[in-house]
Amino acid sequence: MSLPAVPPDLASLLARVALRDRAAFEPLYRATCAHLLGVALRILNDRDRAEEVLQEAFMNVWHNAGSYRPDVAAPMTWLINIVRNKAIDALRSGRAERASTGALDDEALEVPADAALEPQRLLDEGLAKARIDACMAALNPSMRQALALAYYRGMVHTDIAVALGAPVGTAKAWVRRGLDRLKDCLGAVGMGAA
Amino acid sequence: MNYLQPERLDRLAREYVLGTLVGGARRRFERVLAASPAALLAVGAWQRRFDVLAASVPPVQPREATWRGLEQRLFAPAAPAAPVAGKAGVGAWLGRLFGLRSLGGALAGVLLCLVVLRTQPGLVGLEPATGQLPQSYVGLLSDAHGKPAVLASSRRHGRQLTVKLLQPVGVPADRVAQLWALPRDGSAPFPIGVVPAVGTATLALPEASETLFFNVSRLAVTLEVAPASAGAAPGGPFVLIGPCVKLW
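Keeping their order, the protein sequence lines are chains A and B. Note that the first sequence covers residues 1 to 194 in the numbering used here. Note that the second sequence covers residues 1 to 248 in the numbering used here.
Derived by calculation from the structure, the hints in this document are not laboratory data. Since we're looking at a predicted model, the values are computed, not measured. Mixed in with the good hints there might be a few duds.
Claimed, not checked - Incomplete in silico selection of chain B near chain A, CB under 7 Å:
(1) ARG14
(2) GLY19
(3) VAL22
(4) GLN47
(5) LEU53
(6) GLU64
(7) GLN72
(8) LEU74
(9) PRO196
(10) VAL198
(11) GLY199
(12) THR202
(13) PRO206
Claimed, not checked - If we take Cβ atoms under 10 Å as the criterion, some of the chain B residues that face chain A in the derived model are:
(14) THR20
(15) GLY24
(16) GLU30
(17) VAL32
(18) ALA45
(19) ARG49
(20) ASP51
(21) SER56
(22) PRO58
(23) THR66
(24) TRP67
(25) GLY69
(26) ARG73
(27) SER187
(28) ALA188
(29) LEU203
Built from N, CA and C at the ideal position, the CB exists for glycine as well.
Based on the provided sequences and hints, a complete structural model is requested.
Encoded structure:
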């Protein structure tokens with residue numbers, strides 16, 4: 001796959017961590033923490049909470065490295081998804097807390113003018129890096145924006161609808177079709193086939 | 001609902017990985033994922049596809065405290081966990097213990113509890129729920145044969161020293177066993193209190209442990225004709241001596 005700067009020995013580090021080899025844990029953390037914090041920070045937009053999520057994710061890694069399946073995902077792919085899931089949970093539990101205190105603010109829904117564009121820029125860069133121009137063409141701007149807000153910001157359909165000023169049904173359709181096209185165009189260039 | 005029908009599985013897997021599968025549906029799918037190899041493979045395929053998007057996220061170097069906190073949480077159960085962002089600590093667990101709401105209704109009761117907690121936390125069984133020992137100074141004094149004789153401990157910010165005799169100390173009838181603190185820099189020992197001949201005792205400290213013991217590396221016992229007063233020097237040889245360490 002195309003993730004940059006991934007040392008070749010992550011798989012063996014992870015295998016040693018699964019055997020409770022502490023000497024392998026720190027190199028695994030050092031090699032991956034900056035990229036993973038970047039992912040968590042995009043979603044949470046809060047440095048303290050993102051670092052907390054990173055810490056919790058690595059506690060999971062230490063305890064559950066044995067469940068890592070090299071045949072299903074590359075080490076970095078597996079790590080990214082642990083971090084993303086934790087960040088998404090933290091984002092949503094934070095919102096639930098704010099809602100239950102009655103002091104519901106619009107912070108979570110309010111999107112500054114450029115906030116929708118920045119995730120889309122990341123998505124475009126990602127596709128460009130992977131040299132899959134076919135995907136750039138296959139996904140129209142609305143689909144790219146919807147996917148980018150969901151992926152990089154952890155937004156759900158209703159958030160995406162508000163951010164892009166569209167009905168929820170339309171936002172759902174952009175996500176759905178965007179995913180269909182992403183799968184097709186990646187499959188066409190031999191990447192991420194099921 | 002049949003989650004394992006391939007098309008349905010693929011739709012759930014992709015929205016799960018993307019994050020747009022929410023609430024109960026997300027939790028249910030996680031349970032399916034734990035039990036179904038087919039679901040795991042479908043999720044894996046989508047995770048690989050999204051790698052393309054993850055690749056463009058700019059890296060952000062975490063603070064060193066995050067690694068140290070992680071190490072402590074995982075590997076140093078006897079030491080207090082380092083807060084990720086300096087927010088935890090005694091105040092934080094007290095806050096969690098009582099909650100902000102209880103302060104409104106029962107302030108007096110809470111204050112009483114706090115007084116009890118400050119003086120005798122063990123009495124009410126309200127230790128931090130971390131399974132970790134509290135921050136303390138601990139001294140272990142041994143006799144001339146190297147056999148442990150006295151265990152002394154005090155909470156870091158406490159004003160009491162608990163002394164436990166691990167073996168009876170032979171104290172002549174006209175003498176007392178005087179405990180001394182020996183500073184790390186070799187300056188003069190200063191008296192702490194009198195150790196009982198057997199059993200356990202709690203000595204009141206003139207100042208907080210942190211102030212008294214911060215620069216103390218050893219504790220020792222001499223046999224004196226009377227309890228030493230502040231500024232006094234040991235009147236005989238050390239019959240017991242041992243290290244004094246910070247337990248955090």
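Against the structure, the hints come out as follows:
For the restraint placing ARG14(B) at the interface with chain A, the shortest Cβ-Cβ distance is roughly 5 Å, inside the 7 Å limit, so the hint holds. Proximity of GLY19(B) to chain A holds as hinted, the smallest CB-CB distance being about 5 Å (cut-off 7 Å). The beta carbon of VAL22(B) is positioned within 7 Å of a beta carbon in chain A (closest approach about 5 Å), and the interface hint is therefore held. At its closest, the beta carbon of GLN47(B) sits 5 Å from a beta carbon of chain A; the interface hint therefore holds under the 7 Å criterion.
Evaluation of the LEU53(B) hint against chain A yields a held restraint, the C-beta minimum of about 5 Å falling below 7 Å. Interface restraint check for GLU64(B): the shortest CB-CB distance to chain A comes to about 11 Å, outside 7 Å, so the restraint is violated. Violation of the interface hint for GLN72(B) is found here, the shortest Cβ-Cβ separation to chain A being roughly 10 Å, above the 7 Å cut-off. Interface restraint check: LEU74(B) against chain A, minimum CB-CB distance 6 Å, threshold 7 Å, status holds.
Given the 7 Å rule on beta carbons, the hint for PRO196(B) is violated: about 43 Å separates it from the nearest Cβ of chain A. A least Cβ separation of about 43 Å between VAL198(B) and chain A goes past the 7 Å threshold, and the interface hint is therefore violated. Below 7 Å, beta-carbon pairs count as interface contacts, and GLY199(B) has none with chain A, the closest being about 42 Å; its hint is therefore violated. With its C-beta approaching chain A no nearer than about 38 Å, THR202(B) sits outside the 7 Å limit, and its interface hint is violated.
Using the Cβ-Cβ criterion of 7 Å, the hint placing PRO206(B) at the interface with chain A is not satisfied: the shortest such distance is roughly 40 Å. Hint on THR20(B) holds. Least Cβ distance to chain A is approximately 5 Å, under the 10 Å limit. With its C-beta approaching chain A no nearer than about 12 Å, GLY24(B) sits outside the 10 Å limit, and its interface hint is violated. About 9 Å separates the beta-carbon of GLU30(B) from the nearest beta-carbon of chain A, less than 10 Å, and the hint is met.
For VAL32(B), the interface hint is violated, since its Cβ never comes within 10 Å of a Cβ in chain A; the closest pair sits about 15 Å apart. Annotation: interface hint on ALA45(B) holds; nearest CB of chain A at approximately 4 Å, less than 10 Å. With 10 Å as the threshold, the beta carbon of ARG49(B) comes within range of chain A, its nearest partner Cβ sitting at about 4 Å, so the hint holds. A least Cβ separation of about 5 Å between ASP51(B) and chain A falls short of the 10 Å threshold, and the interface hint therefore holds.
Contact between SER56(B) and chain A, as hinted, is supported at the beta carbon level, the nearest pair being about 4 Å apart and thus within 10 Å. Here the hint on PRO58(B) is kept, as its CB sits about 5 Å from the closest CB of chain A, short of 10 Å. Interface hint status for THR66(B): upheld, as the beta-carbon distance to the closest one in chain A is roughly 5 Å, under 10 Å. Checking TRP67(B) against chain A by beta carbon gives a least distance of about 6 Å; that is within 10 Å, so the hint holds.
A least Cβ separation of about 6 Å between GLY69(B) and chain A falls short of the 10 Å threshold, and the interface hint therefore holds. Because the closest C-beta pair between ARG73(B) and chain A is about 6 Å apart, less than 10 Å, the hint holds. Because the smallest distance between the Cβ of SER187(B) and any Cβ of chain A comes to about 40 Å, over 10 Å, the interface hint for this residue is violated. Interface hint status for ALA188(B): violated, as the beta-carbon distance to the closest one in chain A is roughly 44 Å, over 10 Å.
Proximity of LEU203(B) to chain A is violated relative to the hint, the smallest CB-CB distance being about 40 Å (cut-off 10 Å).
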